[in-house]
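Using the sequences and the hints given, assemble the complete structure.
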Amino acid sequence: NAGVTQTPKFRILKIGQSMTLQCTQDMNHNYMYWYRQDPGMGLKLIYYSVGAGITDKGEVPNGYNVSRSTTEDFPLRLELAAPSQTSVYFCASSRDVPARTETQYFGPGTRLLVL
Amino acid sequence: DQQVKQNSPSLSVQEGRISILNCDYTNSMFDYFLWYKKYPAEGPTFLISISSIKDKNEDGRFTVFLNKSAKHLSLHIVPSQPGDSAVYFCAAANFGNEKLTFGTGTRLTIIP
Numbered sequence: 039n040a041g042v043t044q045t046p047k048f049r050i051l052k053i054g055q056s057m058t059l060q061c062t063q064d065m066n067h068n069y070m071y072w073y074r075q076d077p078g079m080g081l082k083l084i085y086y087s088v089g090a091g092i093t094d095k096g097e098v099p100n101g102y103n104v105s106r107s108t109t110e111d112f113p114l115r116l117e118l119a120a121p122s123q124t125s126v127y128f129c130a131s132s133r134d135v136p137a138r139t140e141t142q143y144f145g146p147g148t149r150l151l152v153l
Numbered sequence: 098d099q100q101v102k103q104n105s106p107s108l109s110v111q112e113g114r115i116s117i118l119n120c121d122y123t124n125s126m127f128d129y130f131l132w133y134k135k136y137p138a139e140g141p142t143f144l145i146s147i148s149s150i151k152d153k154n155e156d157g158r159f160t161v162f163l164n165k166s167a168k169h170l171s172l173h174i175v176p177s178q179p180g181d182s183a184v185y186f187c188a189a190a191n192f193g194n195e196k197l198t199f200g201t202g203t204r205l206t207i208i209p
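Residue numbers (this note's numbering), protein chains in the order written: chain A, 39 to 153; chain B, 98 to 209.
For the record, the hints were derived by calculation from the structure and aren't laboratory data.
A few of these clues could be false.
[As the list claims (entries may be wrong)] Every beta carbon over 12 Å from chain A, so not counted as near; a handful from chain B, in silico: (1) A138; (2) F162; (3) S166; (4) K168; (5) V175; (6) Q178; (7) D181; (8) S182; (9) A190; (10) P209.
[Said to hold, decoys possible] List time: in silico SDA-like cross-link candidates among lysine to any residue, alpha-carbon distance up to 25 Å: (11) A:K52 <-> A:P113; (12) B:K102 <-> A:M79; (13) A:K47 <-> A:P77; (14) B:K168 <-> A:G78; (15) B:K168 <-> B:D156; (16) A:K95 <-> B:T206; (17) B:K102 <-> B:S182; (18) B:K102 <-> A:T124; (19) B:K102 <-> B:T206; (20) B:K153 <-> A:T141; (21) A:K95 <-> A:N39; (22) B:K102 <-> A:N100; (23) B:K196 <-> A:S107; (24) B:K168 <-> B:P137; (25) B:K196 <-> A:S122; (26) B:K102 <-> A:Y143.
Quick reminder that beta carbons are idealized off the backbone N, C-alpha and C, glycines included.
Now the structure itself:
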């Protein structure tokens, strides 16, 4: 049981390039989330999904896209990377909504540097 | 607007003493609160939670207190151990809502 896995661990992108951050969970969780954490800041929600085929915007969705074709996978797509997207990205999953279950389970993060 | 605030970016505590981390919130609709712990180069991990129907929840060395009238919660760690050195995030949710709102975190350093 690997939990939530994220690839890559670290990536450098040039301005204007695109990339996909991968996230996979093996806990059969319905809910999946993408967060970004900027230095000295908390985690900001980018997008989330309540099940396969269903996604919704979080607090900071601009410049990102997501898809959820399976329960296990929730990739985050960056189009036309900008320096403002330099951050650490965390994927998380949970069995139920936060108020009915103890926790969201987080992946180890992807550190992205846009130059 | 920061709905969940952790006003102390850092805190240093002697090993064996009590660590108290504080969190304030502004949204009165929040009714479920969680604390997460984060080590460098790792994702956050769940530590302890509390529902608004309680004012205290204990789990071993960790206790969370909730003061709804003051919109304030605190995490007590006693006794503090070197392995407790980490960044602690407070998070809040509305009952039944899918989303968590996180604070900015407090870096706790335990001095041996």
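Quick rundown of the hints versus the structure:
A cut-off of 12 Å between C-beta atoms contradicts the statement that A138 (chain B) is not in contact with chain A; the least separation is 7 Å. Separation of F162 (chain B) from chain A is adequate, the least Cβ-Cβ distance of about 18 Å exceeding the 12 Å criterion. The non-interface label for S166 (chain B) is consistent with chain A: the shortest C-beta to C-beta separation is roughly 21 Å, beyond 12 Å. For K168 (chain B), the non-interface assignment is confirmed: its Cβ lies about 17 Å from the closest Cβ of chain A, beyond the 12 Å cut-off.
Distance to chain A confirms V175 (chain B) as a non-interface residue, since its nearest Cβ pair spans about 22 Å, more than 12 Å. A cut-off of 12 Å between C-beta atoms confirms that Q178 (chain B) is not in contact with chain A; the least separation is 22 Å. At roughly 18 Å, the least C-beta separation between D181 (chain B) and chain A is larger than 12 Å, which holds for a residue marked as non-interface. Every beta carbon of chain A lies more than 12 Å from that of S182 (chain B), the smallest distance being close to 18 Å; the non-interface claim holds.
Under the 12 Å C-beta cut-off, the non-interface status given to A190 (chain B) relative to chain A is violated; the minimum distance is some 4 Å. Every CB of chain A is more than 12 Å from the CB of P209 (chain B) (nearest about 26 Å), matching its label as outside the interface. Simply put, K52 (chain A) and P113 (chain A) have alpha-carbon atoms about 20 Å apart, close enough for the 25 Å limit, and the pair holds. For the given pair, K102 (chain B) sits about 10 Å from M79 (chain A) by alpha-carbon distance, which is consistent with the 25 Å threshold.
Only pairs whose Cα atoms come within 25 Å are accepted, and K47 (chain A) paired with P77 (chain A) is accepted, the gap being roughly 17 Å. At most 25 Å may separate the alpha-carbon atoms for a hinted pair to count; K168 (chain B) and G78 (chain A) meet this at roughly 23 Å. A threshold of 25 Å between alpha carbons decides the hint, and for K168 (chain B) with D156 (chain B) the separation of about 22 Å falls inside it, so the pair holds. About 35 Å separates the Cα atoms of K95 (chain A) and T206 (chain B), which puts this hinted pair outside 25 Å; it is violated.
Taken as a hint, the K102 (chain B) and S182 (chain B) pair is honoured in the structure, with Cα atoms around 20 Å apart against an allowance of 25 Å. Between the alpha carbons of K102 (chain B) and T124 (chain A) the distance comes to roughly 23 Å, so the proposed pair stays at or under 25 Å and holds. A distance of roughly 20 Å separates the Cα atoms of K102 (chain B) and T206 (chain B); the hinted pair therefore holds under the 25 Å criterion. Taking the CA atoms of K153 (chain B) and T141 (chain A), the gap is near 18 Å; set against the 25 Å cutoff, the hint holds.
Taking the CA atoms of K95 (chain A) and N39 (chain A), the gap is about 29 Å. The hint is violated against a cut of 25 Å. A distance of roughly 24 Å separates the Cα atoms of K102 (chain B) and N100 (chain A); the hinted pair therefore holds under the 25 Å criterion. At roughly 21 Å between alpha-carbon atoms, K196 (chain B) and S107 (chain A) fall within 25 Å of each other, so this suggested pair holds. The suggested pairing of K168 (chain B) with P137 (chain B) is violated, with an alpha-carbon distance near 29 Å, which exceeds 25 Å.
A threshold of 25 Å between alpha carbons decides the hint, and for K196 (chain B) with S122 (chain A) the separation of about 23 Å falls inside it, so the pair holds. Restraint check: the Cα-Cα separation between K102 (chain B) and Y143 (chain A) comes to about 22 Å, which is no more than 25 Å; the hinted pair holds.
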